[in-house]
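Asks: Residues per chain, in single letters:
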Amino acid sequence: RLMQRALAAYYVLVSAEASSNLCRYDGFRYGVAVAEEEVNFNGNSETSDFTPLERQYSASRSFGFGTEVKRRILCGTSVLSSDRFHTYYEAAAKLRAALAEEMHSTLKEKVDLLLIPTVLSLPHKIDQGSLVDPTAMFANDVMTVPASLSGLPALSIPRQTQEPSSTFSYGMQLISSRLNESMMFQAGKVLECMN
Amino acid sequence: TPYKMIIHYQALTRRILTHPRIRRDFSQWSVDSEKGVVCFQGKPRYQTVIGLEIHAQLDISTKLFSGCPVDGNHRGTGCGSTSPTSLSSSSSLSSLFQKPNTSVWPLDVAVPGVLPRLSQEAVQAAVLSAAATKCELPRVSRFERKHYFYADLPLGYQVTQQRWPLAREGRLRCQRSNRGNKKAKPSKKSRMAGDDDNDDSFTVRIERIQLEQDTGKTVIMTNPKTRRKESLVDFNRAGRALIEIVFYPDLRSSVDAATAVETLRSLLKHIGTCSGRMEDGSLRCDLNVSIAPLENMDQEKTSITTQNKDHAIVQHTGNRVEVKNLNSLRQVQLAAEYEAIRQAEAAANGSPTLQETRTFDVKTNQTVTIRTKEVAKDYRFMPEPDLPPLILNEEVFGTPGMDLEGFLESNLPELPEDAQRRLKTSYGLSDYMASVLTGDPPAIELFDTAVHHANRQLTMDRERKKVPETVANLLCNELFALVRELEMQRLIEEGILDGTGETSVRFSRVDGNQLGEVVALVLEGSISNTMAKQLLRVLYEESNELKQFSAREVAQKRGFQLISDSVELAKIAHRVIAENPEEMERYKLGGKFARKITKFLLGKSMAASQGNAHPERLNEVLVEVLEEIAPLSKE
Chain A
1 RLMQRALAAY
11 YVLVSAEASS
21 NLCRYDGFRY
31 GVAVAEEEVN
41 FNGNSETSDF
51 TPLERQYSAS
61 RSFGFGTEVK
71 RRILCGTSVL
81 SSDRFHTYYE
91 AAAKLRAALA
101 EEMHSTLKEK
111 VDLLLIPTVL
121 SLPHKIDQGS
131 LVDPTAMFAN
141 DVMTVPASLS
151 GLPALSIPRQ
161 TQEPSSTFSY
171 GMQLISSRLN
181 ESMMFQAGKV
191 LECMN
Chain B
1 TPYKMIIHYQ
11 ALTRRILTHP
21 RIRRDFSQWS
31 VDSEKGVVCF
41 QGKPRYQTVI
51 GLEIHAQLDI
61 STKLFSGCPV
71 DGNHRGTGCG
81 STSPTSLSSS
91 SSLSSLFQKP
101 NTSVWPLDVA
111 VPGVLPRLSQ
121 EAVQAAVLSA
131 AATKCELPRV
141 SRFERKHYFY
151 ADLPLGYQVT
161 QQRWPLAREG
171 RLRCQRSNRG
181 NKKAKPSKKS
191 RMAGDDDNDD
201 SFTVRIERIQ
211 LEQDTGKTVI
221 MTNPKTRRKE
231 SLVDFNRAGR
241 ALIEIVFYPD
251 LRSSVDAATA
261 VETLRSLLKH
271 IGTCSGRMED
281 GSLRCDLNVS
291 IAPLENMDQE
301 KTSITTQNKD
311 HAIVQHTGNR
321 VEVKNLNSLR
331 QVQLAAEYEA
341 IRQAEAAANG
351 SPTLQETRTF
361 DVKTNQTVTI
371 RTKEVAKDYR
381 FMPEPDLPPL
391 ILNEEVFGTP
401 GMDLEGFLES
411 NLPELPEDAQ
421 RRLKTSYGLS
431 DYMASVLTGD
441 PPAIELFDTA
451 VHHANRQLTM
461 DRERKKVPET
471 VANLLCNELF
481 ALVRELEMQR
491 LIEEGILDGT
501 GETSVRFSRV
511 DGNQLGEVVA
521 LVLEGSISNT
531 MAKQLLRVLY
541 EESNELKQFS
551 AREVAQKRGF
561 QLISDSVELA
571 KIAHRVIAEN
581 PEEMERYKLG
591 GKFARKITKF
601 LLGKSMAASQ
611 GNAHPERLNE
621 VLVEVLEEIA
631 PLSKE
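So the protein lines, in turn, are chains A and B. Under our numbering, the first residue of the first sequence carries the number 1, and numbering increases by one thereafter. Under our numbering, the first residue of the second sequence carries the number 1, and numbering increases by one thereafter.
Be careful, since some hints might not be right.
Stated by the list, open to error - Now the in silico label distances, taken between C-beta atoms and shown as ranges: (1) B:221 / A:104: 52 to 60 Å; (2) B:493 / A:63: 55 to 63 Å; (3) A:87 / B:152: 44 to 52 Å; (4) B:53 / A:98: 51 to 59 Å; (5) A:63 / B:406: 50 to 58 Å; (6) A:158 / B:169: 39 to 47 Å; (7) B:369 / A:94: 47 to 55 Å; (8) B:53 / A:94: 42 to 50 Å.
Said to hold, decoys possible - These stretches of chain A come out as covered by chain B in the derived footprint (C-beta under 8 Å, 3 or more residues): (9) 10-20; (10) 50-58; (11) 136-150.
What the hints assert, rightly or not - Pairs of lysine to any residue residues, derived as SDA-like cross-links and limited to a Cα-Cα distance of at most 20 Å, are as follows: (12) B:377 / A:170; (13) B:377 / A:74; (14) B:377 / A:46; (15) B:377 / A:75; (16) B:229 / A:81; (17) B:146 / A:46; (18) B:99 / A:51; (19) A:70 / A:18; (20) B:377 / A:50; (21) A:94 / B:217; (22) B:146 / A:5; (23) A:108 / A:126; (24) B:217 / B:383; (25) A:108 / A:50; (26) A:94 / B:383; (27) B:599 / B:542; (28) B:377 / A:81; (29) B:377 / A:5; (30) A:94 / A:5; (31) B:146 / A:108; (32) A:70 / B:599; (33) B:217 / A:29; (34) B:35 / B:200; (35) B:146 / A:153.
By construction, these hints were calculated from the structure, which means they are not laboratory data. Bear in mind that the values here come from a model prediction, so they are computed numbers and not experimental data. Each residue gets a CB set at the ideal place from its N, CA and C atoms; glycine is no exception.
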C-alpha cells in the first residue's frame with residue numbers, strides 16, 4: 001500500500017531538498033573554507049578541468065560535510081538529475097500527494113486520531129554504529145514518515161517499559177488532522193498519565 | 001553637459017538603425033542588415049534566424065524575495081530622493097553609485113535559516129508587463145530552483161519559473177523606422193490597423209515571461225598588492241526582481257532584432273515597470289543566432305506565399321549560438337551580423353558551427369567562445385518548496401474583490417501602440433507626430449487636453465478641423481523645445497534628474513488648457529503663428545506671475561493681437577501704396593501686372609504691420625483700397 005512506498009518517497013524527496021538546501025555551503029561567504037592548495041587534486045582525471053573556483057568549492061565542501069550529509073547530498077543530486085527526475089522525484093512527489101490525500105480524508109471522515117508506534121526497532125549500541133547498514137537505519141523512520149509527508153501534526157509519547165531492566169521501549173505516536181493539535185495534546189496527556 | 005547629446009533616445013537609435021548597411025567581414029561574404037540575407041560573392045546563400053532573450057530588472061522598491069530596499073540601506077545618497085518631483089529613476093540612479101555589498105539582506109547572501117517572501121510589487125509589475133505584451137496569464141504559476149555553482153549565486157540555485165511561467169504566448173508589434181518622409185500621413189492600409197506584416201512593421205511572438213532572481217555581479221580587478229587578477233563579487237544586485245522575456249525565433253535580421261529590443265525597452269518604460277537602461281544593466285539582451293540555407297529557393301514556384309516560404313526555409317536552420325554580454329542596441333546589431341557571417345562561412349566550408357555560448361568582444365566587434373569545452377548543463381530543476389504556488393487573486397492585486405481584468409483596467413496605461421493608432425486615426429496625425437507624442441506619455445495627455453480645450457473655445461467647424469494638427473505642431477516643435485531649454489538643465493543641476501533623462505512635458509509649466517487656448521486664438525484669427533510661439537514662451541517664462549490670467553488675457557495685455565480692424569488695415573494699405581508709386585504705375589497696366597503688384601503690396605503691407613496683420617483681412621482691405629484708388633477696367 002501507500003504506506004510501504006512512503007518511506008522510499010520520503011527519502012527521495014528529503015535527499016533532493018537537502019542537496020538543494022546545502023548548495024549554499026561553499027565556504028565563500030561564511031563557514032569553512034579550505035585553501036585549494038591543501039587538497040590533493042593531482043592524478044584525478046575528473047577534476048583536472050575544474051576551474052579554480054570549482055576546486056575551492058569542492059575542497060571546502062569535501063572537508064566541511066560529514067559522511068551522512070555527503071551521502072544524502074549525492075543521493076539528492078542523483079534523483080534531481082534530468083535523466084532520473086521523472087523516475088524518482090516526480091514519482092515520489094505524486095506518491096506524496098496521494099498519501100497526503102488519503103491521510104487527510106481518513107482523519108477528517110473516519111477517525112479523529114491515529115495511534116501508531118514511533119519506531120520499529122530499538123537503538124543500536126554506540127560502538128556498533130559503523131556496523132549498521134545505512135539503509136536499515138533509514139528503515140527505522142518508516143513510522144514517522146507518513147505524518148511528515150502529509151504535513152500533519154504528530155506527537156511522540158514515551159511508554160513505560162515492561163521489564164524494569166531495559167532502558168528503551170517503543171514509543172507511541174499520535175497523529176491528528178491539520179490544525180487539530182489541541183485534541184492531540186489532550187489525548188497525549190491522557191496517554192502519558194496511563195503510563 | 002551629457003544630456004544635450006541625448007537628443008531623443010528614440011530618434012538617436014532610429015538614426016543608427018535607419019542607415020542601410022551591408023556588412024563585409026570576410027572579403028566574399030556579406031549580410032544585409034535589414035533583410036538578414038547572407039551572401040557569398042553577392043549571391044544569397046543563407047537566411048539569418050534570430051531569437052531574443054531579454055532580462056528586464058523590475059523598477060520596484062525592494063528585491064524580489066528578501067524585502068531589501070533597492071536603493072540601499074542608506075537613503076538620500078545625494079540624489080534628491082526626498083524631493084517631491086523625485087522619480088523612481090532616482091532610486092535606480094543611486095543604486096548605480098552604491099558601494100559594493102551595502103544593499104544586502106541575509107537572504108540575498110544565503111545566510112542559513114532565512115526564507116523567501118514574494119514581493120507583491122514585483123508580481124504586479126510582472127503582470128502589467130505581460131499584459132502590455134498581450135500575453136496569456138494563467139491563474140497559477142510556480143517557482144522552481146535552477147541549480148548551478150558560481151560565486152555570484154549565493155544560494156547555489158536561482159529561483160525562477162521554468163515549467164509554469166507567469167505568462168505565455170504574447171506578441172510585440174515593432175515599427176521599422178520610416179526613412180525620410182517624416183511628415184507622411186499614414187497610408188490608408190496601415191491606418192486601418194492592419195495586422196499584416198508589411199514593409200513598415202512586423203510582429204515578434206513571445207514564448208514566455210517569467211519572474212526570477214538576479215545574481216550578484218562579478219568584477220575582475222587587479223589586486224594592487226599582489227599584482228594578481230582577482231574576481232570580486234558585489235551582492236547588491238543579488239536577489240533583485242527580473243522578468244525574463246523569451247521570444248520565438250521570428251526575427252530575420254540584425255536591424256529587426258535591434259528594433260525589437262528597442263520596442264520592448266520603450267514599452268516597459270512607458271508602463272513604468274522597467275527603467276530600460278541597457279548601459280546600466282537594467283535591460284539585458286541575449287541573442288540566439290542561427291542560419292538557414294537558401295538553396296533551391298529560386299526554383300520554388302512563386303505562388304508560395306512569403307510566410308510559407310519563410311517556414312520552408314527555417315525548417316533547415318542550423319545550430320543556434322547564444323551570444324551574451326550585449327550592452328547596447330548597436331552591439332546587438334553588430335553581434336548578429338558577425339555571427340551570421342561566421343556561421344555561414346563555417347557551414348559553407350563543410351564544418352558547421354556547434355551549439356555554443358559566446359560572448360561579445362566590444363573592442364573587436366566579434367563574438368568569442370566562452371569555454372573551449374561546452375558540456376550541456378543539467379540544472380536539476382526542482383519545485384521551490386519554500387514558496388506556495390503563485391495565484392493571481394485579490395491578494396496579489398491588493399484590493400478586495402479585484403480580479404485580473406479589474407487590475408489591468410485600473411493600472412495598465414494606454415499602450416504606445418494603441419495611443420499611436422488613436423492619434424493617427426482620430427486626429428489624423430502623421431506617423432512622425434504620433435510617435436513623438438507617444439514617446440513621451442505625459443505629452444499624450446497634454447495633447448488630448450489641449451485639443452479638447454481648443455475645441456470648446458472655437459465655434460466654427462472649419463476652425464476645429466485644424467485643431468489637432470496645430471496643437472501637435474506647437475507641442476512638438478515649441479513646447480518640447482521650451483521644456484528642454486528652460487527645465488532640463490535646472491532639474492539636472494538640482495540633482496532631481498540624472499543626465500540621461502529624456503525631455504518630457506511632464507515638467508512643463510504650461511498645461512494642456514493653456515496650450516489649447518493658444519491654439520484657439522491662432523485658429524480664430526486673433527493671433528498669428530509667430531505670435532503664438534512668442535505667447536507660449538511668455539506664458540512659460542512668466543508662469544508664476546501670469547497664473548491667474550487666461551492665455552487670451554495675456555495675449556491682449558502683451559499686444560499679441562492680429563490687426564483685423566479694417567480702418568487700421570486701410571491706413572496701412574494707403575501708406576504702402578503711397579510709398580510705392582512706380583509699382584502703382586505698373587499696377588494700372590492691369591492683367592497679370594495687377595496680380596503681381598497686388599502680391600508685392602501685400603507683402604509690403606504685412607511687413608509694415610510687423611507681421612501682425614490678419615492675412616486674409618489685409619488682403620481684402622488691400623484689394624478694396626486698390627479698387628478705390630486705381631480702378632481697373634474689367635477685361
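Asks: Please go over all the hints and tell whether each is borne out by the structure.
Replies: Outcome of the hint check:
1. B:221 / A:104: 52 to 60 Å: Taking Cβ atoms as reference, residue 221 (chain B) and residue 104 (chain A) lie about 56 Å apart, which means the hint holds.
2. B:493 / A:63: 55 to 63 Å: holds, 57 Å
3. A:87 / B:152: 44 to 52 Å: Check failed, 33 Å falls outside 44 to 52 Å.
4. B:53 / A:98: 51 to 59 Å: Violated, since residue 53 (chain B) and residue 98 (chain A) (Cβ atoms, about 38 Å apart) do not stay within the stated range.
5. A:63 / B:406: 50 to 58 Å: holds, 56 Å
6. A:158 / B:169: 39 to 47 Å: violated, 58 Å
7. B:369 / A:94: 47 to 55 Å: violated, 42 Å
8. B:53 / A:94: 42 to 50 Å: For residue 94 (chain A) against residue 53 (chain B), whose Cβ atoms are near 32 Å apart, the range 42 to 50 Å is violated.
9. 10-20: Since three or more residues must qualify, the claim that chain B covers the segment 10-20 of chain A holds, with 3 doing so at under 8 Å.
10. 50-58: This one holds; 3 residues, not fewer than the three required, reach chain B with a Cβ under 8 Å.
11. 136-150: Coverage by chain B is violated here, the residue count being 0 at a Cβ distance below 8 Å.
12. B:377 / A:170: violated, 47 Å
13. B:377 / A:74: holds, 17 Å
14. B:377 / A:46: Holds. Residue 377 (chain B) to residue 46 (chain A) sits at ~16 Å (cutoff 20 Å).
15. B:377 / A:75: Holds - the C-alpha atoms of residue 75 (chain A) and residue 377 (chain B) are around 19 Å apart, at most 20 Å.
16. B:229 / A:81: Not OK: residue 229 (chain B) and residue 81 (chain A) at ~35 Å, beyond 20 Å, violated.
17. B:146 / A:46: Distance of about 23 Å is beyond 20 Å: violated.
18. B:99 / A:51: Cα-Cα ~28 Å, so violated.
19. A:70 / A:18: holds, 10 Å
20. B:377 / A:50: Between residue 377 (chain B) and residue 50 (chain A) the Cα gap is close to 15 Å, so the pair holds against 20 Å.
21. A:94 / B:217: violated, 38 Å
22. B:146 / A:5: This hinted pair is violated, its Cα atoms lying about 28 Å apart.
23. A:108 / A:126: Cα-Cα ~42 Å, so violated.
24. B:217 / B:383: With a Cα-Cα distance of about 26 Å, the restraint between residue 217 (chain B) and residue 383 (chain B) is violated, given a limit of 20 Å.
25. A:108 / A:50: violated, 54 Å
26. A:94 / B:383: holds, 13 Å
27. B:599 / B:542: Since the Cα atoms of residue 599 (chain B) and residue 542 (chain B) sit roughly 39 Å apart, the hinted pair is violated (cutoff 20 Å).
28. B:377 / A:81: holds, 10 Å
29. B:377 / A:5: The given pair, whose Cα atoms are some 32 Å apart, is violated under the 20 Å limit.
30. A:94 / A:5: holds, 11 Å
31. B:146 / A:108: violated, 37 Å
32. A:70 / B:599: The hint is violated at about 99 Å.
33. B:217 / A:29: holds, 15 Å
34. B:35 / B:200: Holds - the C-alpha atoms of residue 200 (chain B) and residue 35 (chain B) are around 13 Å apart, at most 20 Å.
35. B:146 / A:153: This hinted pair is violated, its Cα atoms lying about 31 Å apart.
Hints 3, 4, 6, 7, 8, 11, 12, 16, 17, 18, 21, 22, 23, 24, 25, 27, 29, 31, 32 and 35 from the list above are not met by this structure, while the remaining hints are.
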